[in-house]
Amino acid sequence: MQSHAAIHPVMLSRRALLASASGLACALTLGRVTALHAAAAKVSGRAEAQTAAALENLLVHVYDSVLALPRSVSGAGSAAISHVLSAFRMHHAAHAEMFNTVADTLGGARQTAVDGAMDDAVVAPALSTLRGPADVLGLLTNVESIVAATHVQFSGTAGDARALAALCSIAPVEAEHAALLQTFSALLSAGAPELVALPPDTQALPAAAGSAGFALSSLPVSQARRAGEEVR
Amino acid sequence: MSVSPHTCGDAPTRRGFLQGAGAAVLGAGLVACTTPPKAAPTANPVATDLRLAALAARLELALVDAYTTIVAAAEPGGRLAPAPAAFLALARTAAAQHADHAALWNATLAANHVSEEKSGEAALVAQAHQQLGTAQSVADVAAAALRLEQTSVQTYVAMAIRFADHHARRRAMQIGPVEAQHAAVLGFLLGAEPVPDAVVGSGAALHLPAVRG
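Listed in order, the protein sequences are those of chains A and B. Note that this note's numbering numbers the first sequence so that position 231 is 557, with each residue one more than the last. Note that this note's numbering numbers the second sequence so that position 84 is 820, with each residue one more than the last.
Please keep in mind that the hints were generated in silico from the structure rather than gathered at the bench. Any given hint could turn out to be false.
What the hints assert, rightly or not - For each label pair, taking beta carbons as the anchor points, the in silico distance ranges come out as:
hint	chain 1	residue 1	chain 2	residue 2	range
1	A	A435	B	D876	44 to 52 Å
2	A	T431	B	A817	32 to 40 Å
3	B	S873	A	V557	27 to 35 Å
4	B	H849	A	S391	28 to 36 Å
5	B	E852	A	S391	45 to 53 Å
6	B	G813	A	R488	45 to 53 Å
7	B	R883	A	L393	32 to 40 Å
8	A	A530	B	H849	47 to 55 Å
9	B	H849	A	T455	51 to 59 Å
10	B	E929	A	A518	43 to 51 Å
11	A	R558	B	A817	21 to 29 Å
12	A	A435	B	D836	38 to 46 Å
13	B	G937	A	A435	24 to 32 Å
Even glycine gets a Cβ: it sits at the ideal position worked out from N, Cα and C.
Can you build the whole structure from these sequences, using the hints too?
Given below as structure tokens:
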């Protein structure tokens with residue numbers, strides 16, 4: 327391996343700054359970048375933690391909304407679906423608390439409300455159109471995937487080690503949720519709702535059940551939400 | 737300071753790293769040289785990041801090797817056949833995705849003029865050979881695959897936090913969660929709790945290269 331000169335940390339931080347829209351605007355002059363870097367360094371990760379907490383609150387709200395639906399719509403008549411709805415809701419409540427703890431530590435504000443921007447754009451319109459378990463699984467998969475993408479995106483911009491640790495240890499769990507929900511969706515699409523079970527009849531599962539949960543080699547981040555969007 | 741994209745000693749490497757990691761062109765012109773601090777740090781973030789990238793490549797190659805063995809055993813004619821169709825589909829898809837991951841990390845190494853990794857991480861290869869070699873059923877190999885994926889996910893979580901380069905960190909976090917998805921579906925197929933924990937730990941992670949370069 328080659329030996330290279332060390333990179334001054336300010337360069338990496340500047341790249342992180344450039345990754346944000348505000349950073350890009352301010353990068354037009356290096357002097358401004360330097361000044362903003364110095365300011366941003368004090369709170370790097372705070373905005374990400376706050377938005378992540380608001381997104382987790384939104385996920386709790388989505389699961390609560392789904393669980394309040396008639397079982398024939400939510401799919402909770404299936405013991406497996408009922409189990410994952412409850413278990414994943416608990417995970418997100420724990421995630422919200424973790425991100426709020428980080429936000430607190432970094433001098434930010436605890437988030438008790440949902441991320442209104444994503445609620446308005448993604449969740450509320452879909453909640454009103456749910457007609458059955460396939461719709462529910464589709465919405466949950468979409469929301470989980472967006473939040474996973476957001477945590478991944480934030481892992482590239484948050485500088486604080488505590489914020490990073492939370493983002494990196496939680497993002498894979500959202501991805502796992504999405505994978506299992508997508509697997510259940512594939513079974514419904516295959517016309518085999520009876521195979522949505524824990525434990526499943528593995529011998530009877532179609533091939534799609536083994537691969538539907540991870541269609542891509544890399545988690546896409548194009549749908550990631552913007553840090554600070556929960557502020558209105 | 738200057739905003740001009742002039743070069744300095746480490747600039748090619750830094751740019752190469754970003755290209756290899758699939759980074760956007762955004763800001764490339766502004767990643768210019770700055771005067772090094774008077775008291776030079778002892779750590780070399782680029783060298784450390786490259787060691788982490790090399791480990792990630794070896795980790796992925798070990799998983800490719802393991803899944804190759806698994807598919808050979810589980811597909812028609814294999815010693816553990818017949819396997820459930822869902823498991824065979826998972827193993828084939830996961831093998832291809834781990835190969836993609838290895839290629840991504842090797843591209844990063846190549847872009848930085850570091851030799852590509854050709855073999856799997858020894859510790860993980862040994863673990864896979866031991867567990868797969870003694871497997872008596874498809875469930876045994878699935879359980880072994882689950883343990884390998886869990887090791888991989890936890891290694892990515894531990895590794896991502898250590899990357900100094902933000903783009904490399906994001907790359908690791910685009911890959912690690914896919915390993916987690918493999919693990920979740922394996923858990924489902926095995927009848928285990930598919931997503932047992934609210935957070936991914938790092939207790940089972942592979943030993944990471946020393947942080948200081």
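**Structure versus earlier hints, numbers of those that do not hold, lowest first** = 2, 3, 4, 10, 11
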